[in-house]
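Here's the letter readout for the chains.
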Amino acid sequence: MPESLTPEGYFFIYAFPAITHCAGKITPEEFSSLESQAVLGKGPSLERLRRLFPNAFNRIEHLTGKIEAYTIEDYRSYWWIEHNRIIDHREKGYEQVQEEEAELCKVQFPIVKGLNGRVVTITYPTGPERKGLNYRNLPLQPGQRVSIHKGHIVEMILESVYTAYFPHAH
Amino acid sequence: MCLSIPGKIVAIEKDRFVVDYGNEQRIAELSLVDVALGDYVIISNKMIVTKLKKEQAQQFLALVDNNA
Numbered sequence: 694m695p696e697s698l699t700p701e702g703y704f705f706i707y708a709f710p711a712i713t714h715c716a717g718k719i720t721p722e723e724f725s726s727l728e729s730q731a732v733l734g735k736g737p738s739l740e741r742l743r744r745l746f747p748n749a750f751n752r753i754e755h756l757t758g759k760i761e762a763y764t765i766e767d768y769r770s771y772w773w774i775e776h777n778r779i780i781d782h783r784e785k786g787y788e789q790v791q792e793e794e795a796e797l798c799k800v801q802f803p804i805v806k807g808l809n810g811r812v813v814t815i816t817y818p819t820g821p822e823r824k825g826l827n828y829r830n831l832p833l834q835p836g837q838r839v840s841i842h843k844g845h846i847v848e849m850i851l852e853s854v855y856t857a858y859f860p861h862a863h
Numbered sequence: 693m694c695l696s697i698p699g700k701i702v703a704i705e706k707d708r709f710v711v712d713y714g715n716e717q718r719i720a721e722l723s724l725v726d727v728a729l730g731d732y733v734i735i736s737n738k739m740i741v742t743k744l745k746k747e748q749a750q751q752f753l754a755l756v757d758n759n760a
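Chains as they are written, first to last, in my numbering: chain A, 694 to 863; chain B, 693 to 760.
Bound conformation, chain B alone (with noise of 0.2 Å):
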């Protein structure tokens, strides 16, 4: 299973990336794609890989979260 949470960008600092996931945040030092505070995305190794509609993103979220 490669399968990814999305998480949402709190902050954009030099080269960094602030993801927040509610119970914690993580850090990427790379985006292949374009992003903006507030995107949500998906991250692997410290890398933001693709960006998703905010909807789909929560829609993830709700399903992760009735899945808990």
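Okay, chain A solo, but in the shape it has when bound (with noise of 0.2 Å):
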């Protein structure tokens, strides 16, 4: 049953592993509350997203060519897509990014092969085992496709959803 997020929370998801990188703009009290709405699947305003993410918000507004009224379509296609793409192409200061961290900076989709608490086994079709944190609780099972963000499992991915979008993956 896909999750009912409202489309700031559906940014927010996905943003959240990245938040450590607003040194300055949050306090650990924010921190807190942040991390809280993270799990929940609930988002700050768009104005404070805009303020903790700019560069994400540029992209943004430059790929829809709107600055408000944003749908879950429009920031699933910058996290799935322009996100992962400045990344391979080694843009906007990723340059110098080498290839360890350019993975983990990008949004993959790989399987759920085991449990073990909040970690997560999980396996991609041409790479090796990894472990992610399931921080949102999920309800995984084995077999199921999710979304992770710097170590974080994002969501559970539905195979049809996936495969309009990569129609020629694995």
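Watch out, some of these pointers could steer you wrong.
[To be verified] Keeping only pairs whose Cα atoms sit at most 20 Å apart, straight-line, the calculated EDC-like set for lysine to aspartate or glutamate is:
1. 745(B) / 822(A)
2. 738(B) / 716(B)
3. 738(B) / 722(A)
4. 746(B) / 726(B)
5. 743(B) / 822(A)
6. 824(A) / 707(B)
7. 746(B) / 796(A)
8. 824(A) / 721(B)
9. 735(A) / 848(A)
10. 745(B) / 848(A)
11. 746(B) / 793(A)
12. 743(B) / 792(A)
13. 746(B) / 792(A)
14. 706(B) / 721(B)
15. 743(B) / 707(B)
Since the hints were made in silico from the structure, they are not lab data. Owing to the predicted nature of the structure, the values given are computational and were not obtained by experimental measurement.
Combine both chains into one complex, guided by the hints.
Below you can see the structure in the form of structure tokens.
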């Protein structure tokens, strides 16, 4: 059953794993509050998100031609396609990034292999097994496709949605 | 941008990893990879998400220094 998320909630569940890079913009108390919101799939306001993640919203504005009223599809296209494209092409600050960190920064779509509490073993079609944190306490089962960003399992992915975005993927 | 600066593990206590960044230390409470004292790692939200080879980490840190 797909989750019911607001567009900004959807943006934020992907952005939260990078929140530690908002140094100086949030206090430890604000971090705890934001973590709770991410776990629940609730996002801060668009204005707050724009202040926390200005580079992302510059790209989203450019891609959508809008400055507000973004949809989940707008944000999904950013995280799944544009964000990964920027990293793959080593653009906009990623010029010197090495392969390991690039792969970590990209949003990826592995399959759950095993569960040990909140630590999840995941597999990639062409890569080794890795571990990820089920930071949102999703009801995962082996065989479930998920998205992962910086070691954080972000959401459960329907195969139909995945293949619509990546028709040539395994 | 979601790049992280590598840090070096300088202490491992029970379920706690002390990671040194030169000008500050941070605590990680979980690691997704096997780590040991002296390893260079990347932390996201109090969690070690990956380990870097020493040469890679030092190369990255040199880049950061040069661009500081």
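Which of the listed hints are broken here?
-> Number 10 only.
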